[in-house]
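Novice: Chain residues, written in single-letter form:
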Amino acid sequence: DTGVSQDPRHKITKRGQNVTFRCDPISEHNRLYWYRQTLGQGPEFLTYFQNEAQLEKSRLLSDRFSAERPKGSFSTLEIQRTEQGDSAMYLCASSFLNEQYFGPGTRLTVT
Amino acid sequence: AQRVTQPEKLLSVFKGAPVELKCNYSYSGSPELFWYVQYSRQRLQLLLRHISRESIKGFTADLNKGETSFHLKKPFAQEEDSAMYYCALNLADRGSTLGRLYFGRGTQLTVWP
Numbered sequence: 102d103t104g105v106s107q108d109p110r111h112k113i114t115k116r117g118q119n120v121t122f123r124c125d126p127i128s129e130h131n132r133l134y135w136y137r138q139t140l141g142q143g144p145e146f147l148t149y150f151q152n153e154a155q156l157e158k159s160r161l162l163s164d165r166f167s168a169e170r171p172k173g174s175f176s177t178l179e180i181q182r183t184e185q186g187d188s189a190m191y192l193c194a195s196s197f198l199n200e201q202y203f204g205p206g207t208r209l210t211v212t
Numbered sequence: 010a011q012r013v014t015q016p017e018k019l020l021s022v023f024k025g026a027p028v029e030l031k032c033n034y035s036y037s038g039s040p041e042l043f044w045y046v047q048y049s050r051q052r053l054q055l056l057l058r059h060i061s062r063e064s065i066k067g068f069t070a071d072l073n074k075g076e077t078s079f080h081l082k083k084p085f086a087q088e089e090d091s092a093m094y095y096c097a098l099n100l101a102d103r104g105s106t107l108g109r110l111y112f113g114r115g116t117q118l119t120v121w122p
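Residue numbers (the numbering used here), protein chains in the order written: chain S, 102 to 212; chain D, 10 to 122.
Worth flagging that the hints you see were computed from the coordinates, not collected in a lab. All residues carry an ideal CB built from backbone N, CA and C; glycine is no exception. Careful: at least some of the hints might be erroneous.
Claimed, not checked - If we take Cβ atoms under 7 angstroms as the criterion, some of the chain S residues that face chain D in the derived model are:
| id | residue |
| --- | --- |
| 1 | Thr139 |
| 2 | Pro144 |
| 3 | Phe146 |
| 4 | Tyr149 |
| 5 | Asn152 |
| 6 | Ala154 |
| 7 | Gly173 |
| 8 | Phe175 |
| 9 | Glu200 |
Using the sequences and the hints given, assemble the complete structure.
Specialist: Below, the structure is given as C-alpha cells:
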C-alpha cells in the first residue's frame, strides 16, 4: 500500500461537461474526506465519509457536486455541468483516527 | 468565519537562523491542532500534532489556549525546510464534525543558503 491514490492527476474539461474523480484510500482507513484547494488558499473541506455513510457535506458542495463511497472503500466525486469556478485542486484524504493522510490531488481545469 | 489564521504568506530566513511560523485559531472548545507541510511537487503530509508533543525534523509547536495560538518553531533552519506549511484545526470535541480539518492559507517558507 503506497498511500492514498487519486485518479486522474490532471483533468481539463470544457465548461458544461461532467467530470468524475476517484480516490483510493489507505486500505484500513474507515474515514475518507474530500477537500478543494484553490490558488493561494489552504484546502477547504467538501465532504466526509465514515465507511460508506456520507456524514457531512460542506455548503461549498453545491447540487452539482455528488460524492459516493459505495462499498466503504474507494470514493468518487462527480461534478456536473462544470463551471470555470470549479477549477481547483481536489484532494482526498483518509484516516483511521484523526491523522489524515492526503493523496496527490486531481487538478481540474475548466476552460 | 476564518477559523485558522496564518498571518504570513511568505517567510524567508537564512540557513541556521531560527524560524517561527505563526498560527492563530478561533474556537472556544477543545481543539486539536496540526501542522502539515507540502514540499515542492509532493503531497500534503502531516508534520506534527499538538497532542503528541513530539519534535519532528527539529520542529516543535506548543498549543497556547490563552492566546489561541499554535506557532511552529525551529531553532536552526535548514535549506531542506523550504516548503509550504499549513496549520490545521480539528474541532475534536464536536461529534458532528469529527475529523473535518479547517486549514489556514499557508506560509511559504524559504531558507536561503
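Novice: Each hint should be assessed against the structure and marked as holding or not.
Specialist: Here is how each hint holds up against the structure:
| no. | hint | result |
| --- | --- | --- |
| 1 | Thr139 | 10 angstroms, violated |
| 2 | Pro144 | 5 angstroms, holds |
| 3 | Phe146 | 5 angstroms, holds |
| 4 | Tyr149 | 6 angstroms, holds |
| 5 | Asn152 | 13 angstroms, violated |
| 6 | Ala154 | 13 angstroms, violated |
| 7 | Gly173 | 15 angstroms, violated |
| 8 | Phe175 | 18 angstroms, violated |
| 9 | Glu200 | 6 angstroms, holds |
The structure shown violates the earlier hints numbered 1, 5, 6, 7, 8.
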